[in-house]
Amino acid sequence: MMFAASEVTEAAVALSSGWFLEHAWLIPIIPVIGFAIIILFGKRLPMKGSEIGVLSMLGSLALSAGAASQWIARVNGAAEGQFITPVVRVWNWWQIGGMKFTIGQSIDGLSIIVLVVVAFISTLVQIYSLEYLRGDRRYTHFFAALTLFSAGMLAMVVAEDMILFLLGWEIMGLCSFMLIGHWWEEGANSRAALKAFFTVRTGDIGLLVGISMLYFASNEWTTKELGLSGFSIRGISAWALSGEPGSTVILIAAIALFVAAIGKSGQFPLHTWLPDAMAGPTPVSSLLHSSTMVVAGVFLVARLYPVFFTGFDILGTGSNLITIIGGITIIIAAALAFVQNDIKKVLAYSTVSQLGYMMMGLGAGAWTPAVFHIFTHAFFKACLFLCAGSISHSASHHSFDMKKDMGGLRKFMPITFTTWIISTLALCGVFPFSGFFSKDEIIDNVGHNGYNTFMIIGLIGAFMTAAYMTRATYLTFFGTPRGAAAGEHHEEHDAHDAHDAHAPEHDTHAASGPHESGLLITVPLIILATLAFSSGLLNATPFGESWERIKTWVEPSSAVVMTAPSDDVSSLASGEEPAGEDGHHKSPCGSETPEEGLCYAPQLNHAPFAWSKAAVSLIIVFAGLIISWLLCVALYTRKDKRLVGLTQRNAVLRSGYRLLDNKYYLDALYENVIVKAITGPIAAGAYWFNQHILDGILHAVAGMSRTVAGWVYRNIDQRVVDGAVNNSGKATRGAGGVLQPVQSGKVSQYGALLFSAAAVAALVLVIINT
Amino acid sequence: MEMLRDANWVLSVGTFLPLAGVVLLLGVPKANEQMIKMVALLTSIATLAVGIFTLTKFDFDKAGSMQFVAEHEWIPLIKSSYLIGLDGISLPLYILSMVITLLVVIYSLNHVPDPGNPKAFFILMLVLQTGMAGTFIAQDLILFFVFFELVLLPMYFMIGVWGGENRQYASLKFFLYTMFGSALMLVAFLALFFKTGAESFSIPFLIENGGAIARNVQIWIFAGMFIGFAVKVPMFPFHTWLPDAHTQAPTQGSVILAAILLKLGTYGFVRIAIPILPEAAKAWAPYIGGLAVVGIIYGSLGCLAQTDMKRLIAFSSVAHMGFVMLGISTLTSFGMTAAMFGMVAHGLITGMLFFIAGSIKERYHTLEIKRLGGLLKQLPHLGWILGLCSMASLGLPGLAGFWGEFPAILSAYSPAPGLNETLFRVYMVIAAIGTVFAAAYLLWLYQRVAFGEPKPEFAGAAHGHGDHSHGDDHALEDVNKYEWISWTPLLIAIIVFGLMPNLLFKIIDPAVQGVLTGFKG
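The listed protein sequences derive, respectively, from chains A and B.
Position one of the first sequence corresponds to residue 1 (the numbering used here), numbered consecutively onward.
Position one of the second sequence corresponds to residue 1 (the numbering used here), numbered consecutively onward.
Misleading hints may appear alongside valid ones.
Claimed, not checked - From the structure, some residues in chain B lie toward chain A, with a derived Cβ separation under 7 Å:
{"id": "1", "residue": "Leu304"}
{"id": "2", "residue": "Ala305"}
{"id": "3", "residue": "Gln447"}
{"id": "4", "residue": "Phe451"}
{"id": "5", "residue": "Phe505"}
Quick caveat, the hints were computed from the structure, so don't treat them as lab data.
Remember, predicted model here, so these are calculated numbers, not experimental data.
Note that the Cβ used here is the ideal one computed from N, Cα and C, for glycine as well.
Chain A with its partners taken away, still in its complex shape (with noise of 0.2 Å):
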């Protein structure tokens, strides 16, 4: 569609391509269409719409599917340790100041995990949706708006420069804004919206800086030695390990970055928006606000890794703003993850607490363990969430209460049960769970590189993690059931989760109980659960390099690339690879300029897998789990007495719950102290200025030139030129008449005296200047 321009064509000589490769640009056009019918037509297709959404999902899931087995079989036919080139096709989009920009594709590793993914979880929450939202007043808005944001997501991963990048970031603002505000009829709900997409946006004012600063500090090296504009994710990566940037620039622009991956990824301090967005309806929490949209903040330092590693210095320091960013929102997220009621608030600061294990593992170096902690942690925190929904749906009567409307569902609701188990395993990291093989690896690693403060910080949070998941699974699914688990009708729908359309189902489920939910929802639970147990396996550091599969497929090689100084990056061949310690390839990218060739990725390190490490990791969580479960028996079956009222009667514990049940007063500052004051005072003051000030001087003016004019009417006019003038003073009193009707002469008079005055001048200007 936009690709009408001349195609230039990028292929790796060596390297192995295929179709699906060559045409991974498919992928995100595919919703793209979807989206366009689905919005034209949807009402008139028998299933609403909805069909087209699930079937453009699968065609985006073929493709990507396709793609990944050839990008493999690329890997596998290259030597070792070369750069894989990725799949590179552009073709014209605009052009500015005389410069030429594409838009593209650029497929590697990354882009393909990534985009299967996104791909897999994105058809399974739609098949979820097609019976959780059956009914629903805006089935097919729903439906529509759900395929755009998967076309955005796979634009930001398939694009080869930042204006696309740019432009699939935006587009998932803009759908999880129409997705949180899904039903807008309630207040909450669209102020949600409004805050989501707000605080996101401030986050890009750092994405838009980082963008201009990037093409305008590297657009002339790119040009000269690559042949590609300073808007190439190729191009800057490049550039960013050529010793060719200067320290100062490129530290602010991975600052300016970063300030837009805080946004978007929920990190402190402007996590706020992402709790508040689970007013959204759960597949919507489940695909966006928590295994797609939210890792695009991930994604983007991941993507542009160079820049920060580079800028950070990241293999050269103990501690940057990356990994105090990730630090401090592990802890925080997961304190909050405690004093939650609502089962997706908990789940939803427990996605905060996860970006955080992937931020902080980014900024230490740990790329490959936190880019597969991407990939793990989608598959369970998506099953988590539709568990959520799922229990509502069937169970808790759409109240998402656990103290109020859950409590020993595990009785009616086996399946639902047994995946959410499977995925807080996972999610804890209990070998051999996925999560345990993802989050170990980076709290390994980032101890590794010397972040050491941070591997502790890490640790605290494993435990935090399995301590709050504890007492959910232990709220939703054990002791006795209460409220609408129980089996009470609630008069009052709760606000969350209130779509009328549902009403009449309801009432058979309140008078049937709690029960296990539908096929249409159970088979994406299992199969989800199934991938929770099973895709740490990926990756599986602990048997040995032959089970790194991820690290093979995904991680760029740091290889040097020796290139001719032309356009074409075809005629790239791989350069010497000396071995290092470790076994592991070494080479100078990231730690130094190379004399001759390119480099794309910097060189990682990896820690060796020690099972003592991983032992002590492992007790840690256990201990969280159990004290968790004892004290979850204590305080909610028991009712010891000891422990129940106890934030209340201890002041040290009292202002504490006080500071989390405030969510550490972030909502506070924002809303009551920053937005109040610019919509309110500030606003209306620069308003009052307006009116008052400027308006004012302009009215003294108008005043001042009524005045005089009337003196020179009445003492110049009529006594002096009198006779003289009478002739063209009837003229302007004729003009005048004519708007009399409008403006009773005054014009004429205005103008006349603009006139004369500006001859004057006219006349003086040319005078003083001859």
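Here the structure of chain A is known, so what remains is to put chain B in place on it, guided by the hints.
Just chain B now, with coordinates in the frame of chain A:
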């Protein structure tokens, strides 16, 4: 600059055809409204047809050259001639003015504002069209000035006669403020004429010779032009006429004002002030950039303080034109191309927003934001269109607004040599913050107007709560036939230019390069 003189009759025909329509209309009796509307419609269709013919004849490979150039003796006494031409800078605005006029005429077919009198209304609109088109093709300063002023009167009457309650104040303020600017502009033109040897008012001639004027004299002359154009844009602090004029003007007036009239000012900077007086432009650029970013933030704050939807949209124009002026103030082809794109995008988007405001006013008889609500529920199509336009207005990538805003911000990172880089980078950050404000006021507006339940006072007006299946008996009519016809082209353009920006960029870019040749020497 290369001049192409083929088919040079098309511009004159395209520009003056509306006047032929005016002559016809004068002959139609006032009571025969059907006939009047038909003549107006056919005239504007014919005008656009000429415009499209111009497009087909335009040599896009030479978008940087003046094309269809015609030259005739006009007022030999002051050495002013009838010199017209069209290049990649004028072309989009020239065509846009024709499109907007046609769409406004279609919209007016069943929306003639009180107190009626379609004959006068359509006559003014057609005169306005001649003035606008003429301004964009004039290559002679006096000719430019005549067209520039010709625009003023019809708009004055449109606001003053068909406007809202406070129309007299608003129309007078509009007229005098602009007049004041024009007077200073005329002074500047005259001074320029004398300082270049009193030989010609032709713009190409002045571009060649203007650079030779002493720097301090250039600065003074530029000051006159600056006031004239800045009032029209409008730039802070010369903008106070705009909210009043917009709020009081009838919908048609607001649309034309936003879509075309504001561009006369920015166009003046790009076409006249900067190429003719390059030294002065460099001296003024930091101040223009400063006022531009102040306008962005100030306009946004003004928006946040508004309780009236139309006034809010009017203030948003101050903010958006700030981005355009920021691009221009960088004096780079990057920034100016972005600015030109921004002008067209703002014309499409804000024009649409005023259309929507007009239609809401017509249905609810109020634009008080507090009294509105639940638009999506009551009038879902209108609600969706408002949503799309709000998103376009806040610069969402993939829609037209983005390509004016983002490159303008980008360009401020690296202004023309000789300008203070640090200062412009500060401007860049402020402008980037402005995008957040834009999101704030537009989405807040959207949340209050479109989301939620309709307010009780209007709730009874539409049946079928929560169910907008077709065939319901709506007392409030959703988007009607005339509105669809007049809006669809704008909506399509917003999306198409958003996805394929090069349709415009490839026309504008070479022409802007041409404008800036004076800077290289």
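Status of the hints after comparison with the structure:
Nearest Cβ of chain A to the Cβ of leucine 304(B): about 4 Å, under the 7 Å cut. The hint holds. Residue-level restraint check for alanine 305(B) holds (minimum Cβ-Cβ distance to chain A is 4 Å; threshold 7 Å). A hinted interface residue such as glutamine 447(B) counts as satisfied when its beta carbon comes closer than 7 Å to some beta carbon of chain A; here the least separation is about 5 Å, so the hint holds. For phenylalanine 451(B), the suggested interface contact is upheld, since its CB lies about 4 Å from the closest CB of chain A, less than 7 Å.
Interface hint at phenylalanine 505(B): satisfied, since its Cβ lies 5 Å from the closest Cβ of chain A, which is below the 7 Å cut-off.
Violation of the numbered hints given earlier is absent; every hint is satisfied by the structure.
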